[in-house]
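Chains as they are written, first to last, in my numbering: chain A, 1 to 401; chain B, 402 to 731.
A couple of the hints might just be wrong.
[What the hints assert, rightly or not] Straight-line alpha carbon distances no greater than 25 Å define the calculated SDA-like cross-link-like pairs of lysine to any residue that follow:
| no. | chain 1 | residue 1 | chain 2 | residue 2 |
| --- | --- | --- | --- | --- |
| 1 | B | K501 | A | F111 |
| 2 | A | K264 | A | V308 |
| 3 | A | K264 | B | K724 |
| 4 | B | K593 | A | D306 |
| 5 | A | K183 | B | C584 |
| 6 | A | K124 | A | V210 |
| 7 | A | K183 | B | R431 |
| 8 | A | K121 | B | R431 |
| 9 | A | K56 | A | K121 |
| 10 | B | K501 | A | L195 |
| 11 | A | K358 | A | K391 |
| 12 | A | K186 | B | F498 |
By construction, these hints were calculated from the structure, which means they are not laboratory data.
These numbers were taken from a predicted model, which means no experiment stands behind them.
The lines below spell out each chain.
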Amino acid sequence: MEKLFPVQEIGSLSKPRWRIEGIRRPLSTVDVEDAEAWADRLTVRDFHDRINAVLKEPDTKNRSRLVFQLSTLYGLRLFENAGLDNIGVGGEQQRVEMYEHAIKAIEGMEFLGHVQSFDYKYFKKAVALGEVKRRHPIYLQEFGDVKENSRSQVKVPITGPYTLVEWSFNEFYLRRGSASGLKQRKQEAKREFLLNIVQNVIRPEIRDLVDAGAKWIQIDEPAVTTHPEPFDLELFVEGWNETVRGFNCKFSDHTCYPSEIGYKVLAEYAPKLDKCSQLALEFANRDSARLGADKSERVGYESIRDFVDGGFGGEFGVGVVHVHDFSGEVGYGAGRVLGRNIIESPELIRDRIVYATKLVGDPAKVWVNPDCGLRTRTWETSSSKLSNIVKGAALAREEYS
Amino acid sequence: MRKLMCPGVHLSGLHSRSEALIGLTRAFDRGQVGWNEVQERLKLDTMQLLELQHGLNFDYLSDGALTWQDPMRPLTRSLSGVTYGARYSRWFDTNTFYQKPIVTREVGLGEFDVDGFVQKSISPIIGNWKVSIPGPFSFSELSENEFYEDPEELLRDVARAERQVVDKLVESGVSLVQLSEPCLVYRPYRKKPFGPEELDSALSAVKIAANANASKVIVHTFFGDPGPVLQELLNLPVAGVGVDLYETDLSTIHGNTRGQLVLGIVDSRESHVEEPDWIAKTAKQVSRRLEAKELVLAPNTDLRHVPRNIADQKAQSLAKASKLLTEDWP
Numbered sequence: 001m002e003k004l005f006p007v008q009e010i011g012s013l014s015k016p017r018w019r020i021e022g023i024r025r026p027l028s029t030v031d032v033e034d035a036e037a038w039a040d041r042l043t044v045r046d047f048h049d050r051i052n053a054v055l056k057e058p059d060t061k062n063r064s065r066l067v068f069q070l071s072t073l074y075g076l077r078l079f080e081n082a083g084l085d086n087i088g089v090g091g092e093q094q095r096v097e098m099y100e101h102a103i104k105a106i107e108g109m110e111f112l113g114h115v116q117s118f119d120y121k122y123f124k125k126a127v128a129l130g131e132v133k134r135r136h137p138i139y140l141q142e143f144g145d146v147k148e149n150s151r152s153q154v155k156v157p158i159t160g161p162y163t164l165v166e167w168s169f170n171e172f173y174l175r176r177g178s179a180s181g182l183k184q185r186k187q188e189a190k191r192e193f194l195l196n197i198v199q200n201v202i203r204p205e206i207r208d209l210v211d212a213g214a215k216w217i218q219i220d221e222p223a224v225t226t227h228p229e230p231f232d233l234e235l236f237v238e239g240w241n242e243t244v245r246g247f248n249c250k251f252s253d254h255t256c257y258p259s260e261i262g263y264k265v266l267a268e269y270a271p272k273l274d275k276c277s278q279l280a281l282e283f284a285n286r287d288s289a290r291l292g293a294d295k296s297e298r299v300g301y302e303s304i305r306d307f308v309d310g311g312f313g314g315e316f317g318v319g320v321v322h323v324h325d326f327s328g329e330v331g332y333g334a335g336r337v338l339g340r341n342i343i344e345s346p347e348l349i350r351d352r353i354v355y356a357t358k359l360v361g362d363p364a365k366v367w368v369n370p371d372c373g374l375r376t377r378t379w380e381t382s383s384s385k386l387s388n389i390v391k392g393a394a395l396a397r398e399e400y401s
Numbered sequence: 402m403r404k405l406m407c408p409g410v411h412l413s414g415l416h417s418r419s420e421a422l423i424g425l426t427r428a429f430d431r432g433q434v435g436w437n438e439v440q441e442r443l444k445l446d447t448m449q450l451l452e453l454q455h456g457l458n459f460d461y462l463s464d465g466a467l468t469w470q471d472p473m474r475p476l477t478r479s480l481s482g483v484t485y486g487a488r489y490s491r492w493f494d495t496n497t498f499y500q501k502p503i504v505t506r507e508v509g510l511g512e513f514d515v516d517g518f519v520q521k522s523i524s525p526i527i528g529n530w531k532v533s534i535p536g537p538f539s540f541s542e543l544s545e546n547e548f549y550e551d552p553e554e555l556l557r558d559v560a561r562a563e564r565q566v567v568d569k570l571v572e573s574g575v576s577l578v579q580l581s582e583p584c585l586v587y588r589p590y591r592k593k594p595f596g597p598e599e600l601d602s603a604l605s606a607v608k609i610a611a612n613a614n615a616s617k618v619i620v621h622t623f624f625g626d627p628g629p630v631l632q633e634l635l636n637l638p639v640a641g642v643g644v645d646l647y648e649t650d651l652s653t654i655h656g657n658t659r660g661q662l663v664l665g666i667v668d669s670r671e672s673h674v675e676e677p678d679w680i681a682k683t684a685k686q687v688s689r690r691l692e693a694k695e696l697v698l699a700p701n702t703d704l705r706h707v708p709r710n711i712a713d714q715k716a717q718s719l720a721k722a723s724k725l726l727t728e729d730w731p
């Protein structure tokens with residue numbers, strides 16, 4: 001019998017200062033000291049050779065490459081040391097962020113500027129000004145570095161085509177539209193844009209990754225629940241099925257933070273996703289921080305029922321820790337609050353896994369992970385959360401032994 | 402009667418911050434610059450926006466609400482019985498988020514500070530000021546209710562409190578208050594359609610909020626097709642009603658109003674800047690189906706969804722289209 005409740009990472013880790021600064025200018029003493037301190041903690045054995053190479057490299061582009069490699073190695077070791085079973089690509093250290101990194105590689109797209117997300121948080125938004133095509137591989141180099149250094153199972157998270165389209169402006173395809181109504185014209189343009197991204201960008205990328213040895217690709221589609229309308233959900237399914245068509249590889253979807261309507265609509269359409277072996281979803285964010293493996297405490301996990309009742313038969317990647325600021329109350333034994341973070345206890349994580357498993361109905365179909373990438377937490381916090389997930393999964397396993 | 406040939410132009414809600422202001426607010430968030438620097442830039446951005454509107458002869462001036470963190474925040478802060486936590490919710494089907502108001506006790510007017518709503522004193526420009534706030538129905542729908550057993554009571558109390566906010570804004574010299582009511586038209590998939598009673602309650606709440614200042618209030622809808630409730634909206638005793646043409650099925654729509662019809666005719670969610678010719682032509686087509694005493698050209702929703710330079714270009718296109726309509730109307 002395979003190990004129950006394997007633990008996986010789900011996305012990005014924060015980037016250390018030396019990773020951010022090191023691709024812009026030579027590293028300072030402070031940066032090197034910080035990198036060295038973490039090298040000791042993460043047992044990066046060849047740290048001194050690697051950092052010396054970075055320090056001696058006069059060419060910015062070559063230095064950046066060395067910094068990327070080192071940072072990726074740190075991410076992998078952080079996940080491995082925490083005891084994860086699948087370590088992804090080491091926390092996406094080589095990507096600016098999920099949208100910008102992909103868009104930069106697409107011909108026909110141009111960044112226009114920033115728009116507000118909330119408060120003083122913004123995202124850089126691009127527009128399709130011409131037919132989209134992949135300019136160069138997006139994730140291939142990172143995957144090569146991961147393969148060379150990983151000691152555990154890996155998967156490659158990629159930003160899904162629906163999200164890339166949803167987060168972009170669409171002038172080129174709108175201009176080509178012929179529908180008479182304004183809404184219909186936008187929908188027609190969105191479909192054409194999406195299918196072009198799938199065909200000309202995402203499929204060539206997956207082909208390269210599979211040829212390079214990728215066995216599992218996680219398609220990140222956080223935008224899919226933004227428009228809970230049949231047109232958009234059908235478009236998402238069409239794009240997904242075209243994306244995965246013909247590839248011999250495991251595919252999973254990661255979606256998080258849906259609109260008020262929740263996961264209901266995604267649950268209705270999930271069974272239509274070809275080759276979707278796993279849905280990795282955020283739940284802890286909407287759950288209570290009290291112990292207990294019954295419905296009253298585990299309210300955040302209820303929507304798993306919608307997926308099961310809707311006929312999705314694959315695995316679930318169950319989000320068991322919160323990845324943003326926390327300001328609620330924590331019940332006895334459920335964890336502790338450190339600054340703006342909650343560090344969920346292994347017991348709380350166990351209870352979440354046990355309740356989610358009841359709803360899924362088959363423990364072999366349950367993976368566990370953070371709700372989303374941990375990029376807004378420090379490495380210290382991320383390590384604590386991940387270690388506790390591993391401990392929580394072990395406690396849950398005892399319940400099923 | 403003012404003829405259709407001279408349509409007014411408004412902005413709606415939150416305008417975009419400039420790249421310079423964005424850079425400063427991000428730096429402030431990281432503790433790299435002080436608030437004074439941000440404030441100076443905020444002032445400059447606001448003045449530039451006011452000068453733009455003034456130069457384009459807009460009927461009403463909006464300060465762009467550049468200090469607002471989301472469309473709900475100033476109203477939330479001015480009501481008693483409403484608090485807020487760290488929970489952010491998605492703003493309809495956009496990629497933006499708002500801090501969810503939490504209703505913890507009876508809602509009333511709390512501490513009202515007009516500067517929280519509009520930066521009138523920032524510029525020497527004298528004009529008719531317009532402020533956009535969420536309408537009572539949308540505010541109630543988008544809040545988390547932890548106090549009222551009957552949601553209708555919540556809606557009524559929010560409407561009464563908002564009436565006082567509207568009164569105070571008008572007393573402070575605001576000429577036009579937009580009650581933004583996207584929830585009247587946004588009916589996502591699988592959500593039940595409005596029943597007559599629910600619609601009646603929602604519209605009654607709007608009437609309460611507008612009350613004595615109805616001639617200085619417009620109700621703007623966006624993110625959804627107003628078709629199913631349009632005639633009821635147009636019958637509201639307010640100065641005007643707004644619709645989002647990018648969500649409206651124009652082939653079936655018809656109605657008439659004795660007030661203003663605000664056409665959300667430039668798309669705040671796309672970077673493409675609409676040609677003035679196209680705006681004018683489309684406005685004419687719509688006006689054949691929707692009769693109104695006055696026509697107003699506006700963005701369909703807050704222009705904050707596009708970068709600042711594009712938002713400003715869209716404002717210019719609206720003004721040019723208004724001019725074209727004035728010259729060309731048969």
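Cross-check of the supplied hints:
1. K501/B x F111/A: violated, 31 Å
2. K264/A x V308/A: holds, 11 Å
3. K264/A x K724/B: This hinted pair is violated, its Cα atoms lying about 47 Å apart.
4. K593/B x D306/A: This hinted pair holds, its Cα atoms lying about 18 Å apart.
5. K183/A x C584/B: The given pair, whose Cα atoms are some 19 Å apart, holds under the 25 Å limit.
6. K124/A x V210/A: Roughly 30 Å between the alpha carbons, so the hint for K124/A and V210/A is violated.
7. K183/A x R431/B: violated, 40 Å
8. K121/A x R431/B: holds, 11 Å
9. K56/A x K121/A: Since the Cα atoms of K56/A and K121/A sit roughly 36 Å apart, the hinted pair is violated (cutoff 25 Å).
10. K501/B x L195/A: violated, 36 Å
11. K358/A x K391/A: Holds, at about 20 Å.
12. K186/A x F498/B: holds, 23 Å
The structure fails to meet hints 1, 3, 6, 7, 9, 10 from the earlier list, while all remaining hints are met.
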